[in-house]
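*Asks:* From first to last, the protein sequence lines stand for chains A and B. Counting from 1, one number per residue, gives the positions in the first sequence under the numbering used here. Counting from 1, one number per residue, gives the positions in the second sequence under the numbering used here.
You may find that some hints are simply not true.
[Claimed, not checked] Covered stretches of chain B, as calculated for chain A (at least 3 residues, CB under 8 Å): (1) 60-74; (2) 300-306.
[Unchecked claim] Over 10 Å on every C-beta distance to chain A, these chain B residues come out as not near it, computed from the model: (3) Arg293; (4) Arg340; (5) Asp439; (6) Gly462.
Hints are computed from structural coordinates only; laboratory data are not their basis. Note that beta-carbon positions come from the ideal geometry of N, C-alpha and C, so glycine has one too.
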Amino acid sequence: MAAINRDDVAHLARLAHIEMTGDELDRMAGELAVIVDAVKSVSEAAGADVPATSHPIPLSNVLREDVVGHVLSQEQALSGAPDAQSGRFRVPAILEED
Amino acid sequence: MDATLSFDEAIEKFDPVLGFEVHVELNTATKMFSSAPNVFGDEPNTNVNEVDLGLPGVLPVVNKAAVESSILIGLALNCTIAEYCRFARKNYFYPDTPKNFQTSQYDEPIAHDGYLDVELEDGTVFRVEIERAHMEEDAGKLTHMGGATGRIQGADFSLVDYNRAGVPLVEIVTKPIEGAGARAPELAKAYVAAVREVVKNLGVSDAKMERGNVRCDANVSLRPYGREKFGTRSETKNVNSLRAVEHAVRHEIQRHAAVLDGGGTIVQETRHWHEDTKSTTSGRPKSDADDYRYFPEPDLVPITASYEWVESLRARLPEPPAERRKRLKEAWGYSDLEFRDVVNAGLMDEIEETVAAGASASVARKWWMGEIARRAKLADVDPAALGVTPAVVVELDSLIREGKINDKLAREVLDGVLAGEGTPTEVVDKRGLAVVSDDGALQAAIDQALAAQPDVADKIRGGKVQAVGAIVGGVMKVTKGQADAGRVRELILQTLGVSA
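Looking at chain A on its own, in the form it has when it is part of the complex:
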């Protein structure tokens, strides 16, 4: 049973700001459904007693002292920007989302 349908793909595409044609949505829905089914086998193997893993090595508290270190100059910071103005990155006007 596919967990992903065409509407889910369209929704995800919108969130990811990716334009997709109808054909692409159909194809992707099928492919993603196969992938989701494949991943499902993991949850069959791992029972409720196995905690979700976000990191392969069981480390915790890798912390840094609160001391100022490396800083870029404004020129360096903006050097990779496609466009800049008044010391700031210049980006196209985007509808309000904050």
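Let chain A serve as the given structure and place chain B on it in line with the hints.
*Replies:* Only chain B this time, still in chain A's reference frame:
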């Protein structure tokens, strides 16, 4: 257009339920995940490094001081500190974050299930339950350019400064607050003030609302009395002063009530507060948490807070604000009413600093609650944000006590200070405001005033000493208020041969 309802009518018909998300910027030396400086007000994009810009191949590292500040906030809010928690990516596309995600915490906040006792203006204590306090990073600052209005609608492009990107934030989320009734707006203001007080008292944030160190999103929903299920809520953003919090909640309660009373339905959405019109406008429809596609941050390992670590931090907790208030009230010798007025005006810190800088408690209160509060009201800002510092108050008081200026001139000196003309002493010099206490100069004015009111002069000679006020007034008129009133009185009596 919905028919409007007064606030009283709204509360009569509906039961308001509140909720708050308060973001607190920590005052660490560096950012949450990078060693770039956390400084307000510098030239744009000068406090950033590769991590803040989300450049490829960078690895964030958590700031230990920021974690400790977050635990302190959790403890001060009577929360349970999680023994184990993780960071998560909150994915969205907007140029305020160059990474296309904000590093935050999702279902594993560092602190959860606490409460904060909030004191209302009349002394009533209202307990606000805290759902969680989690760590995250601030976003960059956008300036929208062009367009007819200068607002984002119609803007041609935007400019981005990432100095604020990555600044450590703690977001404090309440559980739904029920039962506030007509006091909901007052409670809203008092709650945000209480959170601000807690973080300022801990020393973990500069807590200046006008700088965005403490920012509030206010959730409001209404339901008919007696119904358990909550109504649809709106989330009002950009309410960044205590007064705005109160006004925004009041406005939203009236707006919801008008819509519901007219048979309409409330849309779940974000609203934007506009200080100029004291109203909200519709923002975007509220995203579902799913839309942010949260997942555990793979570049960071979990935080584990051992019992020893948490207890060592607990031992560092300062005197709680409620206890501090009790102590200060006694030290200052104010009446209940006087002290409550000071607290409600948000001026406790200012008065404490003014007293510490050398003024008496009564002088500090006279200035902050009097002239400064009056001017703040006229300017429609919080008194603390007017621009008067404790040092200015102390200097004004010294100038008065030294007899260099009187109360009337002091107000004029304050004008000069607020106009950016320098310290009170500098303003006195520049504006030539010092009182005239030179006897020769005063005597001429006194003679003139006595000649103008011979009948009053006779009364004083006849023993009616209290009539001297009329002559003092005359002298003040001649000297344009710059005379030393005490000395004038002495000289008048001396001139008339009457003993005080």
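*Asks:* Next step is simple, just say for each hint if it's right about the structure.
*Replies:* Hint by hint, here is what the structure shows:
Counting residues of the region 60-74 of chain B whose CB lies closer than 8 Å to any CB of chain A gives 7, so the stated coverage by that chain holds, three being the minimum. Only residues whose beta carbon comes within less than 8 Å of a beta carbon in chain A count, and the region 300-306 of chain B has 5; three or more means the coverage holds. Not every CB of chain A is more than 10 Å from the CB of Arg293 (chain B) (nearest about 7 Å), against its label as outside the interface. The non-interface label for Arg340 (chain B) is consistent with chain A: the shortest C-beta to C-beta separation is roughly 37 Å, beyond 10 Å.
The beta carbon of Asp439 (chain B) is kept farther than 10 Å from every beta carbon of chain A, the shortest such distance being approximately 60 Å. Residue-level check passed: Gly462 (chain B) sits 76 Å from the nearest beta carbon of chain A, beyond 10 Å.
Taken one by one, the earlier hints fail for this structure only at number 3.
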